[in-house]
Each structure stands twice: as structure tokens, then as C-alpha cells.
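Student: Just so you know, the sequences run in chain order U and D. The opening residue of the first sequence carries number 1 in the working numbering; numbering runs sequentially from there. The opening residue of the second sequence carries number 1 in the working numbering; numbering runs sequentially from there.
These aren't lab readings, by the way, just hints derived from the structure by calculation. Since we're looking at a predicted model, the values are computed, not measured. Beta carbons are placed, not taken as given, at the ideal position from N, Cα and C, and that holds for glycine. Among the clues, some could well be false.
Taking CB as the label site, the calculated pair distances span [said to hold, decoys possible]:
no.	chain 1	residue 1	chain 2	residue 2	range
1	D	GLY18	U	ARG191	14 to 22 Å
2	U	ILE269	D	SER171	52 to 60 Å
3	U	LEU25	D	GLY280	51 to 59 Å
4	U	ARG283	D	ALA174	37 to 45 Å
From chain D, some residues computed to sit far from chain U (all C-beta separations above 10 Å) [said to hold, decoys possible]:
no.	residue
5	LYS79
6	SER88
7	THR89
8	TYR108
9	SER135
10	GLY218
11	ARG239
12	ILE267
13	ARG268
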Amino acid sequence: MTTTRSATGAPSASPALGGGLARTLRLGGLRIAYEVRAYFRQGDTVFFTFLFPVVMLTIFSVSFSEASFGQTADGEDITAAWFFLPAMLAAGVLLSGLQNLAIDIAAEKSNGTLKRLAGSPLPIVSYFIGKIGQSLVTGILQAAVLLLLGFTVFQVPLPEDPANWGNFLWIFLFGVITSAILGIALSSVPRSGASATAVVIPITLVLQFISGVYLRFSDLPDWLQTFASVFPLKWMAQGMRSVFLPDELVVLEQNEAWDLPGIAIALAIWLVAGLILTRLTFRWIRKDQ
Amino acid sequence: MTTSENVVEVRELRKTYGEMVAVDGVSFDLHRGETFALLGPNGAGKSTTIEILEGYRDRTSGDVRVLGADPQKGGLDWKARLGIVLQSTGEVGAVTVREQLAHFAALYPNPRDVDEVIAAVGLEQKAGSLIRKLSGGQRRRVDVAVGIIGRPELLFLDEPTTGFDPEARRSFWALVRQLQSEGTTILLTTHYLDEAAQLGDRAGVIAGGRLIDIAPIGQLGGADARIPIVRWREAREVREQRTDAPGAFVASLIDRLGPEPEALEVIRPSLEDVYLDLVGREHVDDLAQPETATEAAR
């Protein structure tokens, strides 16, 4: 091997890293590209995280194609696809953020990836930016696939009011970021990469059942609705319904309101909780094990 | 306490896990530009020591300086000056050899050229392959490549050539010599004594958590350990004589026993012989200890 800068390239001549925040952000950007590329090469995550809501939307739309989920003011039937599109968008946010990262990072902990990174000059924040960015990029693509499928194949009418799309945007972004942070926090629970799926999937699955993703939220008993309101998915699903379902269906919601401020507050609380937990529990490596 | 001469300074390093003492009062220095081989059997405390220097483990007591800093408090600037090849390869996500090296190169202020490093570890043909599809030995070479991509001042090589075929080991040695000629300080652990002899300037032998010898490779075990041994059979008994003048001694044997003494050998102890002798002695001590302990308990 020849060194191009051998005259000055004596190893002792390494300059300081410098750059601080700029370097952290630049490396965060590189991490996003690196993470997204690796994500789409993993067959199992692509299926269980990325395509899962798409598959579920298809199954629900086809299975319940004869059923009506209510009517609009104009007497138009609300189809299964229409009814479940917002639910699957919310599920996608949870899967792309929480499920994906909790399993991914637990695996990286046990397979030595984090140990390797711990020995490199990668700022921990750049690593987090990479993970959250991966969740955002894959979540956006997932939402695009869901919307496209709903609109073209199942003819779901999409909202025309820009205000609805504005709400979609903030609920989606806020939801993915909160889910991603919670996923990072949750990743310290599984003791090994192999057990991560067994720890994480039951949590996300139960949340999806009690938060109005697979079952109609208004059909759940009041106490269960109240219990589900503790967790963020209920609020994300409610927010997505507020965007995509006709306003008349607001009567099915708790307190007969979409309660957008409540959604923002619930997500904010979980975001802060996730940040605190991450700060307390995340380590590159568990020293002395 | 660090002088410009010493890249690593370790004083009375101790590491205990509950009752278990993994490292027990180890002291040594690494001079700038030298290659120091840490030798010892499995479980002797080599990896614990090296991981304390790398900042992966906290010491129980003692004093450690690596590139002038305490590894327990080493920041990013400090890490940028290190290269680490861990003992276990671990798994790497779905990235190619070139992607992985380009990514790690971006983390360092003055990295080596990615293609040059790929060539240096002999993976030109595999540059575009996913790392998880490589063989064990090839993945190990990726580890080495990642370890040197940042042009480290101090390189840790923890059993770097495990799983290499002899040819790959030879070319790895050539790579290390290249790094040495550029002034890299290297801390190497290995089970291959020929590797330590080929690459090391000095070596320390660690057994039972203690450093039982430290010397230039050619002087390990003391001068006595290298005195040639003459071995022959006489009266149905194998006899040995250590002597600095084996030729003269053999001549005296011939005078005494006739022109062809039975089973005559002249042995010059290799590093491996010296090492096994050192570790063997320690091992016997270790075996003796529990007995004493049991007896004390009675």
C-alpha cells in the first residue's frame, strides 16, 4: 500500500476533527444514506415493517369489500379501504419508527456493530440522526405506497382541503420522530438481538389492536379506549382518521372530537419521555459484561 | 505522565469481576512506533487489558494513559487517533466492502484512500460484495481494513489473523510492516508465536492476569531460556544438557560414547518453546494454588 501523503501523513499528524455541530449533522446525513441502503437489502424488515401495513390494507379492503363502514353526508358508503387507510398509515408510523428501530438497534448491540462504532469517532447524535432519518425516509415511502394503493386500486377519495394535508404532514412527522425515539429507548430492553423480535412485536401488535388499527376504535369498551389513550398510537390513528375520514365520522371518536391539540400533547409527552429514557438507557456498549 | 516517547502507559492495572481477578497488577509501556505483542493463553487477561486500553472496559484500579488520555474519558478526537480491530468480527449489515470502508473513512479527519486499503488487504475482487456474503477470513480482512482506514497513530490488533490461510497471513504481515514503516504504533495479541516473532519489537507474556515476562522478542524468557539444548540417549535414558557451546559438548560426547551417540539432537529453543516454557511454569503455579487454598480452608 502506498500512502499518498507519506511525507506529512505520519500517523501522528492527524488533525483535530473540528466542526462540532456541522460535523455531527454531516455525518448524520451520511448515516441516513448508509442506513436506508442497508434497510432495503434486508428482506425480513422490508416485509414485516415496510410492506406489512400495505398487505394488511389489501387484505382488509378485499375481505370487507361488501361491508359499509358508515356513510358520508352525501349518502356515499365508506368502504373498508377508505376506513382502514388512515389506520394503516398510523400503523406504518409505529412500525417504521418504534418496531423497526427497537429490533434493529437491539440486533446491532448484540452483533458488535455498536461496539465497532463506539471505537470510532462517530458522534452518538449522528448515529441517532441516521436511525431517525432511516425511519423518516422509509416511513414516507411507506405512506406514499399506502396512499397510492388506496387511491388507485381501492379508489379511496383523498382529502381536497390543503388544511387536511397540513395536518397529515405534522401528525406524520411528529409521529415518526416520536416513534423512532421510543424505538431507540425500547432497544435497551431485549437482552439479545435474537430475543428482540419476541419482546418488541407483541408490544406493537397489542397496541395496534387496542388503538383502532385493526378493530374499529368506537367498538372498543370505554375502559379500553381510555387505556389505549395512554399510548401514542391511539392518538396517531385518531389524527389520521381526522385527515382522511369524512367529518361526519367525528361522532365515533371519544368526546365526539378529533382533538388535534390532544394529539399534539400526547405525542409531545411521549417524545420527551422517549428522549429522557434514551438519555438514561442508551449506551454504545454495556461495559463489563 | 506521558512523555512523547510513550504512546501507552499502563501502571499496576487491575480488573476484577466480583471475586474473579482478570488482570492483576499489569504494567508496561508502548514506545512510539514500536510493535508490542501481548502473548498468553486464552483467558489470561489479554483481551481484558486491550479492551481497557481501547476504552471498552473500565479498570478497577491502576493508571492507564493512551495517547496522553485516560481511555475511560477518551473523546471523539482521541478515538480518531486510534484504530481498533476487535477479537470478534461480529456481523455487519447489508453493505458492501467498499461502502463500509467509504463510510468509516468519512468518520476520520485524514483517512487513507479506500481503494488502496481494499487492495492492501487483498479484497479488490470482493470490493462490491456484501460483507455478510464473504468467507470468515475475508470478513476478518474487512475488519483489518476498517481498523486502518482512519490512518491511526495507535493500532490495536486483537488476534487479527485468526481464520487466515498461510498466504493471507503472509500478506497481512507485509501490510503490518508497511504500517510500521509509516510510524504506526501497534499493540498486537496473537496465538501465533511466529507472527509475534515476525512483527513484534517487544513482547509481554501474560498468564493468570499477571505479566510474567516483558522483553524484546529475542530476549523473552531470559538469556538462559535460549541456551541450546543437547539431547541424547545414554544407558536407555534420555539426557539433556544446556550449553552455550553445543559443538564442543557434542565433541566431548563423541569422545566418550563413540562417533554416533544415540538419538543425538541439538535444539535451539524457538520463541514458541520459550513461551510454552514460561506459560507452563505459570500454569503449574496456578494449579498449585487451589490446593494450598483448600488446605488453608481445612
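Student: Does each hint hold? Answer for all of them.
Tutor: Now the hints, each set against the structure:
In this structure the hint that GLY18/D and ARG191/U lie 14 to 22 Å apart at CB holds, the actual value being about 20 Å. Under the hint 52 to 60 Å, the C-beta atoms of ILE269/U and SER171/D, about 58 Å apart, fit the expected range. Between LEU25/U and GLY280/D, the C-beta spacing of about 56 Å keeps the proposed range 51 to 59 Å intact. The hinted range of 37 to 45 Å is satisfied by ARG283/U and ALA174/D, whose Cβ atoms lie roughly 38 Å apart.
With a least CB separation of 4 Å from chain U, LYS79/D falls inside the 10 Å interface cut-off, contrary to its annotation. With a minimum CB-CB distance of about 6 Å to chain U, SER88/D fails to clear the 10 Å threshold, and the non-interface call is violated. For THR89/D, the requirement that its beta carbon stay farther than 10 Å from each beta carbon of chain U is not met, with the minimum near 7 Å. Look at TYR108/D: its CB is around 7 Å from the nearest CB on chain U, not clear of 10 Å, so calling it non-interface is violated.
At roughly 18 Å from the closest C-beta of chain U, the C-beta of SER135/D stays outside 10 Å, upholding its exclusion from the interface. Residue placement check: GLY218/D keeps its beta carbon more than 10 Å from all beta carbons of chain U (closest about 26 Å). ARG239/D, annotated as away from the interface, keeps every beta carbon of chain U farther than 10 Å; the closest lies near 51 Å. Against chain U, the non-interface label of ILE267/D holds: every CB pair exceeds 10 Å, the least being about 39 Å.
With a least beta-carbon separation of about 35 Å from chain U, ARG268/D lies farther than 10 Å from that chain, consistent with its non-interface assignment.
Checked against the numbered hints given earlier, the structure breaks hints 5, 6, 7 and 8 and satisfies all the rest.
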